[in-house]
Amino acid sequence: MSLNMTYSFREGVLGLKRARIATTLAITIITVVFFTMSIFLSLTLNIQHIIGRFQTQLEMEVFIDNSIAQNRIENLKSQLSVLPGVEKIRFISKDDALAIFKKEFGKDPLELLGENPLPASFRVEISSDTRGGDAMDLLQKIQNLDGVEDVQYNKRLYNLIYKFSRIVYFIDAGFLIVVLLSSTSLVANTLRLTVLAQRKTIHIMQLVGATLGFIRRPFVIQGMLQGGIGGSIAAIIFYGLVQVVSLRFPYLLKTSPVIFLTPVFLGLLLGLIGSRIGLKRFLRVF
Amino acid sequence: MIYLSDVWYRVGKHPILSNINLRVDPGDFVCIVGPSGAGKSTLLRILHMEIFPTRGKVTVANFSARMITAHEIPLLRRKVGMVFQDFKLLEDRDVYENVAFALWATGVRRKLIKKRVFQVLAEVGLSHKRYASIPELSGGEQQRVAIARALANEPFVLLADEPTGNLDKETTEGIMNLMKRINTKGTAIVMATHKEDLVQTLPAKIVKLVEGKVIA
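For the protein sequence lines, the chains are A and B, in the order given.
Under our numbering, think of the first position of the first sequence as -11, with each following residue one higher.
Under our numbering, think of the first position of the second sequence as 2, with each following residue one higher.
Derived by calculation from the structure, the hints in this document are not laboratory data.
Built from N, CA and C at the ideal position, the CB exists for glycine as well.
Worth double-checking, as some hints may not be accurate.
Derived, one-sided and incomplete: chain A residues facing chain B with beta-carbon distance under 10 Å [stated by the list, open to error]:
| # | residue |
| --- | --- |
| 1 | F(-3) |
| 2 | R6 |
| 3 | S69 |
| 4 | V70 |
| 5 | N177 |
| 6 | K188 |
| 7 | H191 |
Pairs of lysine-lysine residues, derived as BS3-like cross-links and limited to a Cα-Cα distance of at most 30 Å, are as follows [to be verified]:
| # | chain 1 | residue 1 | chain 2 | residue 2 |
| --- | --- | --- | --- | --- |
| 8 | A | K5 | B | K214 |
| 9 | B | K186 | B | K130 |
| 10 | A | K268 | B | K80 |
| 11 | B | K58 | B | K170 |
| 12 | A | K188 | B | K196 |
| 13 | A | K188 | B | K112 |
| 14 | A | K65 | A | K82 |
| 15 | B | K80 | B | K58 |
| 16 | B | K116 | A | K188 |
| 17 | B | K181 | B | K130 |
| 18 | A | K188 | B | K115 |
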């Protein structure tokens, strides 16, 4: 590390100590905000996971036109299997459908009608990563395929899940914006206080010929340390919480290393941005 | 070196400096004398490019006040040392750190910093107090630290704004002797003072300023 960087880093750490109260307050708030964000991210991940499991359980039943030939059914199957979002396809022949009907209703339509009126169908399982909107697109595509008579699926439940997942995304996005704005402005304001307290030092630095970059660097390091420390503490507390919850609900909780690393990197990044904003108005050549 | 031609400085419609012409050559000792409010400090701040003239031409070293950019100002200040009446020292750092600060801030290497700080502290007669804290020092000693800091980057000119304004007669004499010694080693000095008697004994070019105008 060059002398300049050593000096900047030392001054950055000293800056945290000099503005102790403002720094402690900023780090505490950043920790709380990032911890809440981590819980939210984790909840979203888990909700996504649950929604995904729901979606795989929902099947679309694709009824085949009674008049089409057997070789076209095979063709239709291969057309269905390449559609995005299709996980698994099961063919239910006319005879299979009749057997199911008999089992479920206890009556034989052949006796009543003299022929089997039930169409053959495909039961299409949807992959777990398919979102509500994509499922609607898939439905549309299947309906447009040649040889498809009708498609049945639980539209209301699907729509409900789709709407719910959208609400979760919106809340997530809103929360993320609040986190970004509040943390950046916190860091910026703490640094303004530090800069004000360090006015004399900054003035002397300018008098002896220090460049603005050199003067700015310790404050930028200070801002990044604030954000980074706040983010790291949040990540550690959240990790502890996840360990405790995992013991009680080992199969329910789904986490990802990204959730633990996000607050740390986001903290550093917001610290950097916040310090640049905080210094902009206060550091000028004079 | 330093060249001012028809320099004016106004605040609103009120002129602080009017039609100033001045030339400072290498090794010169220039004293700007005049009562409080005559514009002495304003003139030094213009030379240090803290403020810029409303009209006229100012050249310090190779930097012109009209052309200089924000990035070049620090480079100019490394060539122009400045001391103040209130010393402007960092009270939370010791003597060594106050002087070294000017070298840290300008990116000088650690080995050279130590050597240079000891050298300038010896020049101002404060080697024995290098690790003393600032509040422990007398006014005269604090001004010597400020002079050492101004000399650290080997400027070609030292600007001194009322350097003895806060000091008693005896201490003032010591500081003036130090200024003379620095000047004989080749550093030009531009000193502003309201004490006219102080400059009578100096081998200096005297510029008298009254209400922003040079009268002698």
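Taking the hints in turn, this is what the structure says about them:
1. F(-3): Where the cut-off is 10 Å and the nearest Cβ of chain B is about 13 Å from A/F(-3), the hint is violated.
2. R6: 9 Å, holds
3. S69: Check failed: Cβ of A/S69 comes no nearer than 65 Å to chain B, outside 10 Å.
4. V70: At 61 Å from the nearest chain B Cβ, A/V70 fails the 10 Å test, so the hint is violated.
5. N177: Not OK, violated: A/N177 not within 10 Å of chain B, min 23 Å.
6. K188: 7 Å, holds
7. H191: 7 Å, holds
8. A/K5 to B/K214: 49 Å, violated
9. B/K186 to B/K130: 23 Å, holds
10. A/K268 to B/K80: The given pair, whose Cα atoms are some 27 Å apart, holds under the 30 Å limit.
11. B/K58 to B/K170: Violated. B/K58 to B/K170 sits at ~37 Å, over the 30 Å cutoff.
12. A/K188 to B/K196: OK: A/K188 and B/K196 at ~28 Å, within 30 Å.
13. A/K188 to B/K112: Given pair A/K188, B/K112 holds - Cα atoms ~27 Å apart, limit 30 Å.
14. A/K65 to A/K82: The given pair, whose Cα atoms are some 15 Å apart, holds under the 30 Å limit.
15. B/K80 to B/K58: 19 Å, holds
16. B/K116 to A/K188: Measuring from Cα to Cα gives roughly 26 Å; hence the hint holds.
17. B/K181 to B/K130: 22 Å, holds
18. A/K188 to B/K115: Holds. A/K188 to B/K115 sits at ~24 Å (cutoff 30 Å).
Violated hints for the displayed structure, listed by number in ascending order: 1, 3, 4, 5, 8 and 11.
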